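Trainee: Take the sequences, apply the hints, and build the full model.
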Amino acid sequence: MEESIERVHTGIPGLDHVLEGGFPKGARVLLAGGAGCGKTICCGQYLYKGATRYGEPGVYVSTEEPPTEFRANMLRFGWDFKKLEAEKKIGMVDAVYQRVESEMAEQESLQSILYNLRSKLSEVKILVEQLGATRLVVDSLPGFGFRVTDLNTLREIFLEVGLLLKDVGCTTLMTTEIVEGSGLISRYGIEEFLATGVMVLSLVKQSSPLRKLFVRKMRGTSHSLNDFAFTIGTEGVN
1 MEESIERVHT
11 GIPGLDHVLE
21 GGFPKGARVL
31 LAGGAGCGKT
41 ICCGQYLYKG
51 ATRYGEPGVY
61 VSTEEPPTEF
71 RANMLRFGWD
81 FKKLEAEKKI
91 GMVDAVYQRV
101 ESEMAEQESL
111 QSILYNLRSK
121 LSEVKILVEQ
131 LGATRLVVDS
141 LPGFGFRVTD
151 LNTLREIFLE
161 VGLLLKDVGC
171 TTLMTTEIVE
181 GSGLISRYGI
191 EEFLATGVMV
201 LSLVKQSSPL
211 RKLFVRKMRG
221 TSHSLNDFAF
231 TIGTEGVN
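Note that our numbering has the sequence shown beginning at 1, numbered continuously upward.
Heads up, some of the hints might be wrong.
[Stated by the list, open to error] Lysine to aspartate or glutamate pairs mimicking EDC-like chemistry, simulated, CA-CA at most 20 Å apart:
#1 Lys125 / Glu156
#2 Lys217 / Asp227
#3 Lys88 / Glu64
#4 Lys217 / Glu6
#5 Lys49 / Asp80
#6 Lys120 / Glu65
#7 Lys166 / Asp227
#8 Lys212 / Glu180
#9 Lys82 / Asp94
#10 Lys166 / Glu180
#11 Lys125 / Glu85
#12 Lys49 / Glu85
#13 Lys166 / Glu6
#14 Lys217 / Glu20
#15 Lys25 / Asp167
#16 Lys82 / Glu64
#17 Lys25 / Glu192
#18 Lys120 / Glu156
#19 Lys125 / Asp150
#20 Lys166 / Glu123
#21 Lys82 / Glu235
#22 Lys88 / Glu129
#23 Lys49 / Glu87
#24 Lys125 / Glu160
#25 Lys205 / Asp227
#26 Lys83 / Glu235
#27 Lys217 / Glu235
Don't read these hints as lab results, they were simulated from the structure. Remember, it's a predicted structure, so these values are computed and weren't measured experimentally.
Mentor: Laid out in structure tokens, this is it:
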């Protein structure tokens, strides 16, 4: 008899139904899409609902914007992350510094880049353990490789991140940018290899802009290959 897969609620109305009850526990799901598709909002909703509705602590790792900006943006939906941090239900890791340090990556040795990266990833692991976090968000993966142009160096960077994700065992959402016209589903064409699931978000520009979600793959899940329309309102993603 086949064992049923334990599921983690997404916190996004309608998405659990699409995914047979939610993300497979321990999944590493890549959210791919262009600017304005709603990737960060989906991530915030996943963490906030996890902490407040399902009693599951989470950690948010930011490489794109300082946590102060993330907190402020999430307040528009009534999601008070600062309060959850004070209650030890949510943890924040500011990895934006990686972008600053990576500005001189061309002059840095691979060993130096990986040393700095491992130090930040160690901070993530410690926080996950301290909070007993079961949910993790990395927003975004390309931020770890900011201004790194050597493909082999990028592979090493993402390998290190992938090892951490497997080690902590959280159900993880990771974001990446789709560059229009590139033909890729991620910024570097590498990020999807870290994932057990890939969901593509798109913004269709017409008379009334339409946002769509497509589940490209989700290991251990039988899912539709249709696009699903979604909206972003005062309460987040629906």
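Trainee: Is the straight-line distance between the alpha-carbon of lysine 25 and that of aspartate 167 20 Å or less?
Mentor: The given pair, whose Cα atoms are some 14 Å apart, holds under the 20 Å limit.
Trainee: Lysine 212 and glutamate 180 were given as a pair; does the straight-line alpha-carbon distance stay at or below 20 Å?
Mentor: Between lysine 212 and glutamate 180 the Cα gap is close to 16 Å, so the pair holds against 20 Å.
Trainee: Checking one constraint from the list: CA of lysine 49 to CA of aspartate 80, max 20 Å. Satisfied?
Mentor: Within the cut-off at roughly 11 Å; holds.
Trainee: Decide if the proposed pair is consistent with the structure: lysine 49 and glutamate 85, CA atoms, cutoff 20 Å inclusive.
Mentor: 14 Å, holds
Trainee: Is lysine 125 within 20 Å of glutamate 85, Cα to Cα?
Mentor: Distance of about 17 Å is within 20 Å: holds.
Trainee: Regarding the pair lysine 205 and aspartate 227, is the alpha-carbon distance no greater than 20 Å?
Mentor: 15 Å, holds
Trainee: Is lysine 217 within 20 Å of glutamate 6, Cα to Cα?
Mentor: 17 Å, holds
Trainee: Could you grab the alpha-carbon distance between lysine 82 and glutamate 64 and see if it respects the 20 Å cut-off?
Mentor: 19 Å, holds
Trainee: Please work out if lysine 125 and glutamate 160 have their alpha carbons no farther apart than 20 Å.
Mentor: 13 Å, holds
Trainee: CA of lysine 217 to CA of glutamate 20, is that 20 Å or under?
Mentor: Roughly 13 Å between the alpha carbons, so the hint for lysine 217 and glutamate 20 holds.
Trainee: Taken at face value, is the distance from the CA of aspartate 227 to the CA of lysine 217 at most 20 Å?
Mentor: 13 Å, holds
Trainee: Taking 20 Å as the top limit, are the C-alpha atoms of lysine 82 and aspartate 94 close enough?
Mentor: Answer holds: lysine 82 to aspartate 94 is near 14 Å, not above 20 Å.
Violation of the numbered hints given earlier is confined to hints 3, 7, 10, 19, 27; the remaining hints are satisfied by the structure.
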